Amino acid sequence: MKRRNLGLLLLGGLLSSSVWADMPLNLTKGVTEVSRDVYDLHMLVLYICTAIGVVVFGAMFWSMVFHRKSKGFKPSTFHESTKVEILWTAIPVVILIGMAVPATYTLIDMENNDDADLTVQITGSQWKWHYKYFDQDVEFYSVLSTPRDQYENQNGTSAEKGENYLLEVDRPLVIPTNKKVRFVITSDDVIHAWWVPAFAVKQDANPGFINEAWTKVDKPGTYRGQCAELCGKDHGFMPIVVEVKSEADYAIWLDEQKQMKANAAAAEAASLNASVSMDELMQLGETTYTAYCAACHQVSGQGLPPAFPALKGSAVATTGPASEHINIVYNGKAGTGMQGYGKQLSLKEIAAVVTYERNAWGNNTGDAVQAADVKAAAGGAIESMTDTVKQAAAEVKDEVTQAITQEVAKVIPEEDLSKVYSQDELMTMGEKVYMSACVACHQASGEGMAPVFPALKDSPIAKGDMAVHIDMVLNGSKKNPAMAAFGGQLTKTQIAAVVTYERNAWGNNTGDLVQPADVAASAK
Amino acid sequence: MTTDAINDQPEHDSHDGEHHDHKMTGLKRWLYTTNHKDIGSMYLWFSFIMFLTGGVMALVIRAELFQPGLQIIEPDFFNQMTTVHGLIMVFGAIMPAFTGLANWMLPMMVGAPDMALPRLNNWSFWILPFAFAILLSSFFMESGAPNFGWTFYAPLSTTYSNGSTAFFVFAVHIMGISSIMGAINIVVTIMNMRAPGMTYMKMPLFVWTFFITAYLLIAVMPVLAGTVTMVLTDTYFGTSFFDAAGGGDPVMFQHIFWFFGHPEVYIMILPAFGIVSTTIPAFSRKKLFGYSSMVYATASIAFLSFIVWAHHMFTTGMPLFGELFFMYCTMLIAVPTGVKVFNWAATMWRGSISFETPMLFSIAFVILFTIGGFSGLMLAMTPVDFQYHDTYFVVAHFHYVLVTGALFSIFAGAYYWLPKWTGYMYNDTLSKWHFWCSLISVNLLFFPMHFLGLAGMPRRIPDYALQFADFNKWVSIGGFAFGLSQLIFLVLVIKCVKGGEKAPAKPWDGAEGLEWTVPSPAPYHTFETPPKID
Amino acid sequence: MTTKEYESYYVPAQSKWPIIGAIALFLIAVGAGNYVANLNDPESVGGGWILLAGIALIIYMMFGWFNNVITESMSGKYSHQMDNSFRQGMSWFIFSEVMFFAAFFGALLYARTFSVPWLDGAGNNAATAAILWPDFTATWPLIKTPDGTETTAMGWYGLPLINTILLLTSSITAHFAHVALEQEKRGLLKFWLGLTVVLGITFLYCQGLEYAHGYADEMKLYLDSGIYGNTFYMLTGFHGMHVTLGTIMLLVMFIRVLKGHFTPKNHFAFQAASWYWHFVDVVWVILFVFVYIV
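Here the protein sequences line up with chains E, Y and V, keeping their order.
For the first sequence, this note's numbering assigns the number 1 to the initial residue and increments by one for each residue that follows.
For the second sequence, this note's numbering assigns the number 1 to the initial residue and increments by one for each residue that follows.
For the third sequence, this note's numbering assigns the number 1 to the initial residue and increments by one for each residue that follows.
The following block holds chain E by itself, in its conformation from the complex:
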């Protein structure tokens, strides 16, 4: 507990009048049929209660005003009436039945989880949500994205709070409109509750059991909620954000997710061979640490003992073997709050965060841990893990390839190798191809993601020999396994276009125009 001048705080708070957003004064009507039914029920009971209140309190105030001793009112002597008692037992029963009937229908509707168009598994854990789309092989964690300096104000400083303070996440759940979406909800550790007021969905996430709920949203938009069951320290810091997109936008989003996943798998494979410098490890390590570890172990590394031990000067992070340290980060520690991060972080990130923990706060072991070390140390679990990743990556890659091929097939029904395109045509087509097939690694800016994914902007390949460039795109890189061969996935026209694009975009300005025939020649 930090000391603080409470008086000043109170005064300051009072003077700062309504600078915040307006708060609705009633239950939300929401954006689903069920939520509107619930709202109607809420209003029904509210009106009934108000009416009863007016009658009963009215009678009481009447006697308080008129039947007063100070007015010389003489008390009556009646004190019993079976008739009246029966009456005011029977009337409430009738009113209650009137309320119970619509409530029953709504409840039956809410509990009908059959015939869903789409199923999403929601898993709560301390203190984030995980979403997994059934039959889509898309899954991700969703964590609070409000920067810590906005809410950690104990030392008196405070960054300005954003519009969606504490109600924003890095990756929202995305669902389509007008589809019955079924949620299967569970937890990895303690009980959480997944609540989005606009859907009138609140369902406990019980560890070891699945609860079901469903929604069907009419209106695209962003809807926010929060965890609604005390789940430990950061219960107040695990919001829920759902983006509801039109069906078409949802399909596009789904494709993007699959591609991101494929790229991540490729990056994971590539990172195994890479050796990353200490500086870079420390830098990435710090970012990762702040995002994933600091909530418990604190930015200072001093933790919140005894539940969350200090890392600063701890045996695990200093004298103990790095492999043990990696193992704890990767697999978690049974019986404690320390969960395994193997599922959430890449090998490289784990390597970086372990490096960071072993060198920050005066731990100074000098150890630099590489992705390959993580793979080696985490042992059997990681073997099978990487296999799954590989398998998943392979599957996703197939799907992406298929998707791309189909899309391409739509654009260019038949390939005419002899056709000569203008620069504009090539650049337009090239940009399109680049944005679907290359952008994930080399980035829209062409600056790539060093060291695995080199920049194309000002690169020797994109500005050098055209034949080498075409060969690279057609057949992949012999040195860098991350660079896949696109000869099987893209048409020659597309390759011609994308190479042209790469050689002229981002100020590369070589002026080279590559035609389908050039690619065909190179392919032979």
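Bear in mind the hints are in silico, worked out from the structure with no lab data behind them.
Hints may be right or wrong, so weigh each one.
Listed next, the in silico DSS-like pairs over lysine-lysine satisfying Cα-Cα at most 30 Å (straight line) [unchecked claim]:
id, chain 1, residue 1, chain 2, residue 2
1, E, K180, Y, K502
2, E, K457, E, K432
3, E, K69, Y, K28
4, Y, K532, V, K265
Predicted, not measured: the structure shown is a model, and the values here were computed from it.
Starting from the known structure of chain E, fit chains Y and V onto it as the hints suggest.
This is chains Y and V only, laid out in the frame that chain E set:
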């Protein structure tokens, strides 16, 4: 009630050799006492100290929630505050205050010389300070105090708890022993010690409500003991009552806990019904309307309390049938509760009403408790509960029931009987100040919470989204004002104990009951020869 | 009784035993808390000693307190009404004990009817089984938990059956002892009461044997063997503790009988011990049915 009657009592065996009608002096009087009035006073003082302790924790919570952002404390400490605030207010403030009232008043009301088992009575009391010493000492342990909410849902309280769970469990165990023994004493006193002629249906309603409350306690406190025992073994001995991996279920914890917890809620409100059923007729100068229906209503509420527990658990994924069953049963509770409210209103109707402080608190009780009852009815509707559950709407609901309900009734009772206890009239102006300050601040404190809940603010969070900021500010101001208002009561009681205008045997002209037939202050021993009831 | 003429009701003067009892419970709670919280820390021994001190103090309190009560009773200070207070107090205490067992029986029945079948997909939990526990099959006794811990079920024949017969017999002998007391047949009283105590001790011995079997390698039935082991040991364990307490109570009564206490009209303590014994007997029968047989 002559001195002869007292001296007729046989000489006590014993280690101290003192004659029993002489009060011991100093600490020993309180440590060794078997006198229901001494024990009642100790219960009441203890509960007031606990009320202030829990209140300070509430103020820490409200200070943190004054503005968005974490200003003063860490989230984990915030959770410790909400948890211990709840435990202290339920088990340390409200329940002992009622037991204190029972100790003071029951023997006098039924015309008995003391509680039926006086030594057991003293044991029941003295366990409590030790139990709370253990609970509070966990703040000074490395692990910190319990941080899993007063409802201690597994597995947050088991596998994922901090190191103080064992102390929490054993503190609850001995607290439970205290409650069970206290309740047995109340039951036996009422069944066995009534003055000749006082049949059950002639007992004051106050006695009836404590009688039924004591049964609830005997029935459910052992279940709480069982629950914490399972929490203990799940945490430290590897059992899996609340762990699916071993065939258990975290929701099973909630079923067993709320099987205790819901009757517990009525344990905290039925005695309040008894108090206002005493004060409202007294200051309306008219007999309580529908005495027998009040008795039956109390009994029905007690019965229903055993079959509605799962309405605290509508979002846990119960089967549809369960949700419907518990919704219907819960809605039914509105019927006997309504009967009570209607009866109070009918008692006031065409009475001759005056507004002494006990009456003010009683009227405030009826209106504000009824508001809490209305929100309770809203919460009973399962589909809508999905929206209200675990939001500030619930916090508003149970504080209306427990603060403006139970606590206000305790104040009403205290102001009603204080002259009988101390022998002096209290300062009327101060008491009015206490009432009006409490009434205004308590509504500023709890009424906006309804809106916060409807707007979507979850409970038990140390920081909140910006839209909730304005209301939280006012709630916090109300909280501090309410907290400070209680100091008026403290000053008033101390002044009243020290002296003041002498109180007559019956200071309220409309009051009825055996307790007003003895002088004020009530002699150390009353009714050693029982009065005859016609 | 309220219509009867009111007898003088004995209200004892100050007594030191309640506060001693409170301190004893405090020591027990602190000791047990420390002991349990530091189970995995072999260097921490303080808790156990505090716990033992608390238990010693509460035994001292019981001796002192009951001694006071016995002296008061024997010197004729108690009225018929006082006797009623004791009887009613004891009955409600036994009722509270029943509710304590109800919590554990509740857990057992919940596991059997709800949680275990649900984990295998019963009711609205098809997804639970399909997604989280695909390899789990619900059985009772639950000899293989969802996370794969295996154990063996304790059969009802053999020791448990013998124990049932022992306890049922002891309830009858306790009743005979009571009848003998009321008929002022002190010889028979000593015989039947002594026999009851012996049967109680034999029951406890057999229960110990059964636990030894359970913990042996052939059965691997441990306290932490999933919900079956949990409920088995918690129910039989708490029952065993109550049998121990009941046996001690009966033993004390036996000693008091030898000392010539109790009359056909005035023997509340004896009756309380006997009620308590019937109560543990009834609990056992329910336990035998739901834990062992069904």
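Hint check:
no. : hint               : verdict
1   : E/K180 with Y/K502 : violated (74 Å)
2   : E/K457 with E/K432 : holds (17 Å)
3   : E/K69 with Y/K28   : violated (47 Å)
4   : Y/K532 with V/K265 : holds (29 Å)
The structure is inconsistent with the numbered hints 1, 3, although it conforms to all the rest.
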